[in-house]
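Enquirer: Sequence:
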Amino acid sequence: MLIKRLAALLSLLLASASFMMPAHAQQQPQTDLPRTQLSVGLYKIDAQVAQTPLQREIGLMFRKEMPQAEGMIFVFEQPATQCFWMRNTILPLTAAFVADDGRIVNLADMQPMTESTHCSQEPVRYVLEMNQGWFAKKNIKKGAKLGGELFAAGKR
Numbered sequence: 588m589l590i591k592r593l594a595a596l597l598s599l600l601l602a603s604a605s606f607m608m609p610a611h612a613q614q615q616p617q618t619d620l621p622r623t624q625l626s627v628g629l630y631k632i633d634a635q636v637a638q639t640p641l642q643r644e645i646g647l648m649f650r651k652e653m654p655q656a657e658g659m660i661f662v663f664e665q666p667a668t669q670c671f672w673m674r675n676t677i678l679p680l681t682a683a684f685v686a687d688d689g690r691i692v693n694l695a696d697m698q699p700m701t702e703s704t705h706c707s708q709e710p711v712r713y714v715l716e717m718n719q720g721w722f723a724k725k726n727i728k729k730g731a732k733l734g735g736e737l738f739a740a741g742k743r
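According to my numbering, the sequence shown is numbered sequentially starting from 588.
No lab work stands behind these hints: they were computed from the structure. Please note: incorrect hints may appear among the correct ones.
Claimed, not checked - Dumping the calculated EDC-like pairs for lysine to aspartate or glutamate here, alpha-carbon to alpha-carbon at most 20 Å:
#, residue 1, residue 2
1, Lys631, Glu652
2, Lys729, Glu702
3, Lys725, Glu644
4, Lys651, Asp633
5, Lys724, Asp633
6, Lys725, Asp619
To be verified - Listed next, with one range per pair, are the computed distances between beta-carbon atoms:
#, residue 1, residue 2, range
7, Glu702, Ala739, 28 to 38 Å
8, Glu709, Trp672, 14 to 24 Å
9, Met700, Glu736, 29 to 39 Å
All residues carry an ideal CB built from backbone N, CA and C; glycine is no exception.
My request is simple: use the sequences and hints to build the entire structure.
Expert: The following block contains the structure:
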């Protein structure tokens, strides 16, 4: 009798847990985030803005493709050492860790579907993810400055 009750309870818990799973458990990419226009040198970037904890957690997971001039910028409440990994991320990406004034602190190439961490070399509020190789092809390196409304606030 006790075993039947435990089995029924377990079944109920598993059924209710499926309704409480986070959005990323559904394995759907998020493509409807707000966008902002960024620039670096002569290049323009159409960036999705991930600013809530859930948006940042999902990031570019499950995306199968991303146009070359697009990316995703992660916005945090305050500067800190930011670390990223590529769990459930199919696309190879490069992360640019960016200071409040738009300066690229460091770049990190990240391999798909791994849990290796890639961290900022100093506290940053922003991380811009682009298709891997985008920065290299455009000769954009550490120290380059991103422009856009997000960074205008950092010049206060």
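Enquirer: Looking only at beta-carbon atoms, does the pair Glu702, Ala739 fall within the given range of 28 to 38 Å?
Expert: Because 35 Å falls inside the window, the suggested range holds.
Enquirer: Does Asp619 sit within 20 Å of Lys725, going by the straight-line distance between their CA atoms?
Expert: Since the Cα atoms of Lys725 and Asp619 sit roughly 27 Å apart, the hinted pair is violated (cutoff 20 Å).
Enquirer: Going straight from one Cα to the other, do Lys729 and Glu702 come out at no more than 20 Å?
Expert: Cα-Cα ~24 Å, so violated.
Enquirer: Is the gap between the beta carbons of Met700 and Glu736 within 29 to 39 Å?
Expert: About 33 Å separates the Cβ atoms of Met700 and Glu736, which means 29 to 39 Å holds.
Enquirer: Is 14 to 24 Å right for how far apart the beta carbons of Glu709 and Trp672 are?
Expert: This hint holds: roughly 19 Å between Cβ atoms.
Enquirer: Against the 20 Å threshold, does the CA-CA distance of Lys724 and Asp633 hold or violate the hint?
Expert: Status holds; Cα separation ~17 Å.
Enquirer: Has the given pair, Lys651 with Asp633, been kept, meaning a C-alpha gap of at most 20 Å?
Expert: Distance of about 18 Å is within 20 Å: holds.
Enquirer: Could you grab the alpha-carbon distance between Lys631 and Glu652 and see if it respects the 20 Å cut-off?
Expert: At roughly 19 Å apart (the allowed maximum being 20 Å), Glu652 and Lys631 satisfy the hint.
Enquirer: Just to be careful, I want the Cα atoms of Lys725 and Glu644 compared with a cutoff of 20 Å; is the pair within it?
Expert: Outside the cut-off at roughly 28 Å; violated.
Consistency note: the structure conflicts with the earlier hints numbered 2, 3, 6.
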